[in-house]
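Here is what each chain is made of, one letter per residue.
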Amino acid sequence: MATTKRTVEVELSTTGLDAQGRPQRVPLAVDEGGNVLTMEAPLGIEPDLSGEHMLINLGPQHPATHGVLRLVLELDGETVVRCIPHVGYLHCGFEKIGEYRQYNQIIPWTDREDYLNSPGNNVAFALGAERLFGIDITERCTVLRVIACELSRIISHLVWLGTTCIDIGAFTPFLWAFQQREEVYEMLEMWIGARLTTSLTRVGGMGADIPDGFTEKLSAFVRGFPKVVDEIDRVITRNGIWVGRTVGLGVMSPEEAVNYGLSGPMVRASGVAYDVRKDFPYLDYETYDFDVPVGTNGDVYDRFLVRMEELRQSTRILDQALKRLPDGPVNVDDHRVILPPKSKATSDMESMIHHFKQVMEGPRPSTGECYVAVESPKGEKGYYMVSDGSSKPVRWRIRPPSFVNLSAIPRMVEGHLLSDVIAINASIDIVMGEIDR
Amino acid sequence: MTEGDAVNGVNRDGSFAPVIAGSALGATAAPATPRNVPNRGGAPNESIEPMRQQFATAVRRVDVVWGETTVVVDPTRVHDVIRWLHDDPSQRYDYLSDVTAVEFRDLEQPLEVVWHLRSLPYRRFIRIKVLLERGAALEVPSVWDIYKGADWLERECYDMFGIKFAGHPDLRRLLMWEQYNEGFPLRKDFPLRGRFSRSEQLRQALAANPEARYSKEELSIADAFEDLPADMRRRLTTGERTGE
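Just so you know, the sequences run in chain order A and B.
When you line the first sequence up against my numbering, it's residues 1 to 437, in that order.
When you line the second sequence up against my numbering, it's residues 1001 to 1244, in that order.
These aren't lab readings, by the way, just hints derived from the structure by calculation.
Worth double-checking, as some hints may not be accurate.
Said to hold, decoys possible - Cross-link-like lysine-lysine pairs, in silico, DSSO-like; alpha carbons within 27 Å at most:
| no. | chain 1 | residue 1 | chain 2 | residue 2 |
| --- | --- | --- | --- | --- |
| 1 | A | K227 | B | K1164 |
| 2 | A | K344 | A | K357 |
| 3 | B | K1148 | B | K1164 |
| 4 | B | K1164 | A | K357 |
| 5 | A | K392 | B | K1148 |
| 6 | B | K1188 | B | K1129 |
| 7 | B | K1188 | A | K392 |
| 8 | A | K323 | A | K217 |
| 9 | A | K323 | A | K227 |
| 10 | A | K357 | A | K96 |
| 11 | A | K227 | B | K1148 |
| 12 | B | K1164 | B | K1129 |
Said to hold, decoys possible - Residues from chain B that keep clear of chain A, each with C-beta distances beyond 10 Å, as calculated:
| no. | residue |
| --- | --- |
| 13 | A1024 |
| 14 | G1026 |
| 15 | R1118 |
| 16 | N1181 |
| 17 | D1231 |
Ideal placement from N, C-alpha and C gives every residue a C-beta, glycine not left out.
In isolation and in its complexed conformation, chain A is listed as follows:
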């Protein structure tokens, strides 16, 4: 018996039944003579959809991908079978441009790669350049850079926390996190005049010493901030929805996490106690008393817990840095890299020559190469610089932590549901400016 399907349009009524007393808008089976068959009659064989896979294109302009990331997903029902990531939409050739810039001129570019961690990038780049120049920075500068690094870790983790909460469906922590982030940005504005793209460091020192009133503001922040972290903790850490949407997702075992090159909170959530600040220290981090939080399951929830604890540990480091902040000069006394004071440059012959040489030719390091890694909020951020003795590097390579972390996303999402892709992707804490560079 040949049957055809069609939908009968009927007036809306509150009973849910049409004029003939049948349920509304159901496909009716009609035989060749136009007679409506009863609902119990077979409607023909439904096509079997269980074996069909669906192609879903997530991004590049979807807000939940945290930037212009595009994931091509193969779905079986709602389960991800395969994930093919596409990156590069923000590629602007930072490394190429760096080969045409003097060392101090590259510092503004480092602001713009991982733009949530600009002060940290500035510090990392300056450390690398100073290694090439063979400069040891002053005591005060070291402590100021620690403050800059930890402040930028706090703002980066706060943005991560806020946006991830929005992705998973909690709005309030976003506002609380951004309020605190605003406080840090106000401090950075006091310090250097810029908020997002700070260009805080110079080779051999800092762009500016901290202004009057900065330490008071910072110590007020150090006192007040842990309370906000506790508050966010109370709202989401044991929240049923939050736990249900994060536990057991995107699990990476410790061996896998190391083999995939994950770093930062990603690798620590998997139970690997690897922190560049502890294991390959810089800026005298070995003299600060802080703990490295380590997760046990390596899932999205553990990454969240690790980052929450890192916020508290950063506050501890800030507190110690404030207490030990020594007086003294910020910049090294080295006329190869640091400009002489303006008054001397116009009155003293030798200072004028140094000023002229630095501005016109740029500082020249000796030939050599170095790889300097720091613990950025995302993980191990490395700058590999090669110098041929000229004032511009031959090669300036950024080792972007979230690039390597993101490369493991097919391994993490495959087998999970489509909605979990959002949570897993958020847990990586990607910044596309850094991935695409």
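Since chain A is already given, all that's left is putting chain B on it; use the hints.
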């Protein structure tokens, strides 16, 4: 916790055992920030002596620059050297930090491919280098079979320098799009502003078809390929790309 006790982060009795960097060093002093590092010279990495014994002919040169050990290795043996560094229980370079390449302004100098490896248990850092002479094929073995993290790092290196990593499962362009045909941007013969004018780049961008943003492999998912218009299918099967 003793070495080899923990499997996948779990002790034999089921309790959790974190992997701790520096665990193989025992109770030696904690690392400190390096100071007054000399430009050249200094003690090389502890792995150099055993490496020389193991690979006498493959190790061509060892430099210590700014306190970091650089080993220049024979291109044909580099995979063996890295495999040994990763597997040997006295080395355990289990973490691949970076894979990249360097081309010098002096175009007579060979192109360098650089691997940065870390041994987390021993807290060591080593730089492995391969020199690719001018005129030689730009090809080195892939370390993807040792470190899964090499996947994107090698793809980016191929994308930017045109160096082929033999054995990589999916060596495609990564940051640049797949139809990009201007060459390899980080090579020194590539102009800073690109090869084409802005208007030509814009024309090519506008001429590109959306389906070119999917690979044929991706379109095979859900038979999306079969649903495309006939002319798109023809272009994709012949490999013809628009905008070139």
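*asked:* Quick check for students: does the CB of B/G1026 sit more than 10 Å from each CB in chain A?
replied: Holds, because the least Cβ-Cβ distance between B/G1026 and chain A comes to about 15 Å, which exceeds 10 Å.
Holds or violated: B/K1164 to A/K357, with C-alpha atoms at most 27 Å apart: violated (42 Å)
Is the Cα-Cα distance between A/K323 and A/K227 27 Å or less? holds (21 Å)
Tell me if the straight-line CA distance from A/K344 to A/K357 falls inside 27 Å. holds (15 Å)
Measure nothing beyond the straight line between the CA atoms of A/K357 and A/K96; if it is 27 Å or shorter, mark the hint as holding. Holds, at roughly 25 Å.
Beyond 10 Å on every Cβ pair: is that true for B/R1118 relative to chain A? Check fails; 8 Å does not lie beyond 10 Å.
- request: Starting from A/K323, check that the Cα of A/K217 is at most 27 Å away, please.
  value: holds (14 Å)
(Q) B/K1164 and B/K1129 were given as a pair; does the straight-line alpha-carbon distance stay at or below 27 Å? (A) With Cα atoms ~15 Å apart, B/K1164 and B/K1129 stay inside 27 Å; holds.
Quiz item: Are B/K1188 and B/K1129 close enough, with their CA atoms no more than 27 Å apart?
Solution: Within the cut-off at roughly 19 Å; holds.
Is B/K1148 close enough to B/K1164, meaning Cα to Cα at most 27 Å? holds (17 Å)
| Are the Cα atoms of A/K392 and B/K1148 separated by 27 Å or less? | violated (34 Å)
Original post:
Are the Cα positions of B/K1188 and A/K392 separated by 27 Å at most?
Top reply: holds (14 Å)
In summary, the numbered hints that this structure violates are 1, 4, 5, 11 and 15.
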